[in-house]
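Here is how the chains run, residue by residue.
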Amino acid sequence: MKYIVIGGSAGSFQTVSAILANLPKNYPHAVFLCLHRLKNVRGGFVEALSLKSNIPVCEPFDKDQIVPGIAYLAPANYHLYVTNDGFSLTTEEAINHSRPSIDVTFFSLANTKKNDVVGILLSGANKDGAAGIKSILDAGGKIIVQSPDECQVKTMPLAAIKLTSIDYSMNTKDIIDFLKNLKG
Amino acid sequence: MDEFQPISNEIFRKIISTVRTLRNVDFTMFAPDILMHRINRSMNLHGIQFYEKLINKLMVDNCFVDLFLSEIFVPTTEMFRDDTMWKFLEEHIISKLKHESICKIWVPQICGDDELYSLLILLHRNGMLDKSTVYATSPIQKILDDAKIALIDPKKFEASDSNFKKINDKNSLTIYLSHSDKYEYILPELLNKVIFLRHNILNSVSPDNAFNLVLFRDRMLYLNSNIQKMVLENFASNIVKGGYLITGIREKIPNDFQNVFVPVSKNENIFVKV
Numbered sequence: 001m002k003y004i005v006i007g008g009s010a011g012s013f014q015t016v017s018a019i020l021a022n023l024p025k026n027y028p029h030a031v032f033l034c035l036h037r038l039k040n041v042r043g044g045f046v047e048a049l050s051l052k053s054n055i056p057v058c059e060p061f062d063k064d065q066i067v068p069g070i071a072y073l074a075p076a077n078y079h080l081y082v083t084n085d086g087f088s089l090t091t092e093e094a095i096n097h098s099r100p101s102i103d104v105t106f107f108s109l110a111n112t113k114k115n116d117v118v119g120i121l122l123s124g125a126n127k128d129g130a131a132g133i134k135s136i137l138d139a140g141g142k143i144i145v146q147s148p149d150e151c152q153v154k155t156m157p158l159a160a161i162k163l164t165s166i167d168y169s170m171n172t173k174d175i176i177d178f179l180k181n182l183k184g
Numbered sequence: 001m002d003e004f005q006p007i008s009n010e011i012f013r014k015i016i017s018t019v020r021t022l023r024n025v026d027f028t029m030f031a032p033d034i035l036m037h038r039i040n041r042s043m044n045l046h047g048i049q050f051y052e053k054l055i056n057k058l059m060v061d062n063c064f065v066d067l068f069l070s071e072i073f074v075p076t077t078e079m080f081r082d083d084t085m086w087k088f089l090e091e092h093i094i095s096k097l098k099h100e101s102i103c104k105i106w107v108p109q110i111c112g113d114d115e116l117y118s119l120l121i122l123l124h125r126n127g128m129l130d131k132s133t134v135y136a137t138s139p140i141q142k143i144l145d146d147a148k149i150a151l152i153d154p155k156k157f158e159a160s161d162s163n164f165k166k167i168n169d170k171n172s173l174t175i176y177l178s179h180s181d182k183y184e185y186i187l188p189e190l191l192n193k194v195i196f197l198r199h200n201i202l203n204s205v206s207p208d209n210a211f212n213l214v215l216f217r218d219r220m221l222y223l224n225s226n227i228q229k230m231v232l233e234n235f236a237s238n239i240v241k242g243g244y245l246i247t248g249i250r251e252k253i254p255n256d257f258q259n260v261f262v263p264v265s266k267n268e269n270i271f272v273k274v
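Chains as they are written, first to last, in our numbering: chain X, 1 to 184; chain V, 1 to 274.
These are calculated hints, taken from the structure and not from any lab test.
Treat the hints loosely; a few may be bogus.
[Said to hold, decoys possible] Restraint-style ranges between C-beta atoms, simulated for each label pair:
no., chain 1, residue 1, chain 2, residue 2, range
1, X, Ala21, V, Asn267, 50 to 60 Å
2, V, Val262, X, Ala21, 48 to 58 Å
3, X, Cys58, V, Glu233, 54 to 64 Å
[Claimed, not checked] In the DSBU-like style, the derived pairs of lysine-lysine whose C-alpha atoms are separated by at most 35 Å in a straight line are:
no., chain 1, residue 1, chain 2, residue 2
4, V, Lys96, V, Lys131
5, V, Lys131, X, Lys52
6, X, Lys127, V, Lys170
7, V, Lys87, X, Lys114
8, X, Lys173, X, Lys127
9, X, Lys114, V, Lys57
10, V, Lys182, X, Lys154
11, V, Lys14, X, Lys114
12, V, Lys229, X, Lys127
13, V, Lys131, X, Lys127
14, V, Lys182, X, Lys39
15, V, Lys193, X, Lys127
16, V, Lys252, X, Lys180
17, X, Lys25, V, Lys266
18, X, Lys127, V, Lys252
19, X, Lys39, V, Lys155
20, X, Lys162, V, Lys131
21, X, Lys2, V, Lys252
22, X, Lys127, V, Lys273
23, V, Lys142, X, Lys142
24, V, Lys229, X, Lys2
25, V, Lys170, X, Lys162
26, X, Lys127, V, Lys96
27, V, Lys142, X, Lys183
28, V, Lys98, X, Lys127
29, X, Lys39, V, Lys156
30, V, Lys193, X, Lys183
31, X, Lys2, V, Lys87
32, X, Lys39, V, Lys142
33, V, Lys165, X, Lys127
34, V, Lys96, V, Lys182
35, V, Lys252, X, Lys25
36, X, Lys154, V, Lys131
37, V, Lys182, X, Lys162
38, V, Lys96, X, Lys2
39, X, Lys162, V, Lys98
Glycine included, every Cβ here is placed at the ideal spot set by N, Cα and C.
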């Protein structure tokens with residue numbers, strides 16, 4: 001099983017929605033979504049993503065186990081760690097003004113799942129995720145940024161490109177093809 | 001230093017052992033990945049680059065030990081976080097507790113502590129303060145001392161006030177604050193009924209018994225699974241039948257306890273002890 005972690009902020013919702021709509025049912029990998037969102041709005045996000053998704057979307061509870069074929073969305077106002085024992089949620093201080101912070105989820109996956117991680121950074125308006133995606137690369141994983149030309153807001157992928165060498169810069173269609181063909 | 005870098009087992013054990021020796025605080029209660037991040041974060045805050053230097057500083061600097069310990073515990077984020085929970089608490093739980101002759105409440109593992117202050121404001125609003133005894137406990141003296149001072153963090157105030165207005169659209173939180181030297185504090189009279197007590201949640205001995213309410217939101221997140229069960233056993237023994245336990249909205253009560261703590265509100269993770 002691979003661990004696919006997708007981070008995004010402003011302008012990433014449609015891309016994430018398109019990815020989830022095109023993954024096959026019974027997808028053999030686990031997907032983690034860390035998207036900047038309103039901290040006091042608990043409901044609606046899972047439902048909106050589920051509308052078109054081919055795989056189940058849920059917000060994990062603390063210490064839930066990871067199951068392949070599910071897209072796990074970081075809950076509002078919690079950081080999402082992925083550990084060897086499953087999920088850990090925290091209310092630690094905001095990082096890059098964000099809780100959930102993309103860096104937190106990226107770093108934790110890099111530390112625990114090493115070269116089984118595929119990190120993807122999408123459209124967004126700050127640098128959250130740039131340091132984290134570098135840590136995935138450093139740990140032996142693959143990293144992708146959404147092509148800045150396609151992004152509604154390109155600050156986030158550009159911050160990653162500035163910080164490290166990226167394996168792939170892709171548009172949405174190519175990201176979908178990459179994920180569909182990803183072997184376990 | 002990368003705040004998220006793993007700490008080797010040997011160093012990790014050394015830090016845990018040092019803290020246990022110095023302050024009798026058992027860090028093994030924490031989920032390891034979170035604890036590593038908290039240690040690294042504290043080192044970054046103090047410009048400490050190497051773990052051996054951290055251990056040496058802990059051994060020789062008594063004040064730093066207290067500061068370090070207080071930084072390991074995760075502070076609460078804001079007052080009235082999850083406003084719907086507080087609304088439910090006020091409308092459905094406090095309204096029932098009003099009929100009790102006395103009301104004993106326990107807020108364990110405080111840190112921050114916006115949860116404690118939010119509770120005190122609700123009790124005050126509902127005329128419950130005089131009949132309530134509130135235990136606020138932590139194993140760390142500095143955390144207790146800071147909570148007694150009740151200084152409001154201006155960075156959190158906007159979010160806290162916004163949450164409060166969703167519960168009570170008439171008044172701002174400012175009516176519960178006092179002003180002194182450019183700083184704002186929780187009104188001292190709200191704190192009069194609080195017993196601040198140094199207490200380790202791992203102790204089988206509870207600060208009291210027959211609690212009507214235990215407020216333990218987003219604190220189980222930081223405990224490993226075995227410790228969670230010990231803590232819930234403690235609550236099960238010390239909450240009165242018909243009393244309430246409130247946990248964080250993303251925390252789960254393990255199966256072993258689902259016959260003891262029955263949800264009153266699944267969305268808000270409010271349970272009644274049966």
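Hint check:
At about 28 Å, the CB distance of X:Ala21 to V:Asn267 disagrees with the hint of 50 to 60 Å. At roughly 39 Å, the beta-carbon separation of V:Val262 and X:Ala21 lies outside the given 48 to 58 Å, and the hint is violated. Between X:Cys58 and V:Glu233, the C-beta spacing of about 29 Å breaks the proposed range 54 to 64 Å. Distance hint between V:Lys96 and V:Lys131 is fulfilled; the C-alpha atoms sit about 13 Å from each other, no more than 35 Å.
Among the hinted pairs, V:Lys131 with X:Lys52 is inconsistent with the structure: their alpha-carbon atoms are about 53 Å apart, more than 35 Å. The straight-line distance between the Cα atoms of X:Lys127 and V:Lys170 is roughly 39 Å, outside the 35 Å bound, and the hint therefore fails. Between V:Lys87 and X:Lys114 the CA atoms are separated by roughly 43 Å; this puts the pair beyond 35 Å, and the hint is violated. Pair hint X:Lys173 plus X:Lys127 holds up; C-alpha atoms about 24 Å apart against a cutoff of 35 Å.
Restraint check for X:Lys114 and V:Lys57: the C-alpha separation of about 33 Å stays at or below 35 Å, so the hint holds. For the proposed pair V:Lys182 and X:Lys154, the alpha carbon gap of about 41 Å is over 35 Å, so the pair is violated. Under the criterion of a C-alpha separation no larger than 35 Å, the hint pairing V:Lys14 with X:Lys114 is consistent with the structure, at around 26 Å. Restraint check: the Cα-Cα separation between V:Lys229 and X:Lys127 comes to about 39 Å, which exceeds 35 Å; the hinted pair is violated.
For the hint pairing V:Lys131 with X:Lys127, the CA-to-CA distance comes to about 50 Å; that exceeds 35 Å, so the pair is violated. Restraint check for V:Lys182 and X:Lys39: satisfied, since their Cα atoms lie roughly 29 Å apart, inside the 35 Å limit. Annotation: proposed proximity of V:Lys193 to X:Lys127 is violated, straight-line Cα distance about 45 Å (limit 35 Å). This hinted pair checks out: V:Lys252 and X:Lys180 have alpha carbons roughly 33 Å apart, not beyond 35 Å.
Restraint check: the Cα-Cα separation between X:Lys25 and V:Lys266 comes to about 30 Å, which is no more than 35 Å; the hinted pair holds. A hinted pair counts as satisfied when its Cα atoms are at most 35 Å apart, and X:Lys127 with V:Lys252 qualifies at roughly 33 Å. With a C-alpha separation of about 15 Å, the suggested pairing of X:Lys39 with V:Lys155 holds against the 35 Å cut-off. For the given pair, X:Lys162 sits about 60 Å from V:Lys131 by alpha-carbon distance, which is inconsistent with the 35 Å threshold.
Our distance criterion of 35 Å between C-alpha atoms is met by X:Lys2 and V:Lys252, whose separation comes to about 27 Å. Of the pairs offered as hints, the one joining X:Lys127 and V:Lys273 is violated, with about 46 Å between alpha carbons and a cut-off of 35 Å exceeded. Annotation: proposed proximity of V:Lys142 to X:Lys142 is violated, straight-line Cα distance about 44 Å (limit 35 Å). For the hint pairing V:Lys229 with X:Lys2, the CA-to-CA distance comes to about 32 Å; that is within 35 Å, so the pair holds.
Between V:Lys170 and X:Lys162 the alpha-carbon distance is near 49 Å, which puts this suggested pair outside the 35 Å criterion. Distance hint between X:Lys127 and V:Lys96 is unfulfilled; the C-alpha atoms sit about 48 Å from each other, more than 35 Å. Restraint check for V:Lys142 and X:Lys183: the C-alpha separation of about 52 Å exceeds 35 Å, so the hint is violated. Of the supplied pair hints, the one linking V:Lys98 and X:Lys127 is violated, its CA atoms being roughly 50 Å apart against a limit of 35 Å.
Proximity of X:Lys39 to V:Lys156 is assessed by CA-CA distance (about 13 Å); at most 35 Å being required, the pair is judged to hold. A threshold of 35 Å between alpha carbons decides the hint, and for V:Lys193 with X:Lys183 the separation of about 61 Å lies outside it, so the pair is violated. Distance hint between X:Lys2 and V:Lys87 is unfulfilled; the C-alpha atoms sit about 42 Å from each other, more than 35 Å. A distance of roughly 29 Å separates the Cα atoms of X:Lys39 and V:Lys142; the hinted pair therefore holds under the 35 Å criterion.
Proximity of V:Lys165 to X:Lys127 is assessed by CA-CA distance (about 32 Å); at most 35 Å being required, the pair is judged to hold. In summary, the hint linking V:Lys96 to V:Lys182 is not supported, as the alpha carbons are separated by about 39 Å, beyond the 35 Å threshold. For the suggested pair V:Lys252 and X:Lys25, the alpha carbons sit about 28 Å apart, so the restraint of at most 35 Å is met. For the proposed pair X:Lys154 and V:Lys131, the alpha carbon gap of about 57 Å is over 35 Å, so the pair is violated.
The straight-line distance between the Cα atoms of V:Lys182 and X:Lys162 is roughly 42 Å, outside the 35 Å bound, and the hint therefore fails. Restraint check for V:Lys96 and X:Lys2: the C-alpha separation of about 50 Å exceeds 35 Å, so the hint is violated. For the proposed pair X:Lys162 and V:Lys98, the alpha carbon gap of about 60 Å is over 35 Å, so the pair is violated.
Figure legend: structure checked against the earlier numbered hints; hints not met, in rising order: 1, 2, 3, 5, 6, 7, 10, 12, 13, 15, 20, 22, 23, 25, 26, 27, 28, 30, 31, 34, 36, 37, 38 and 39.
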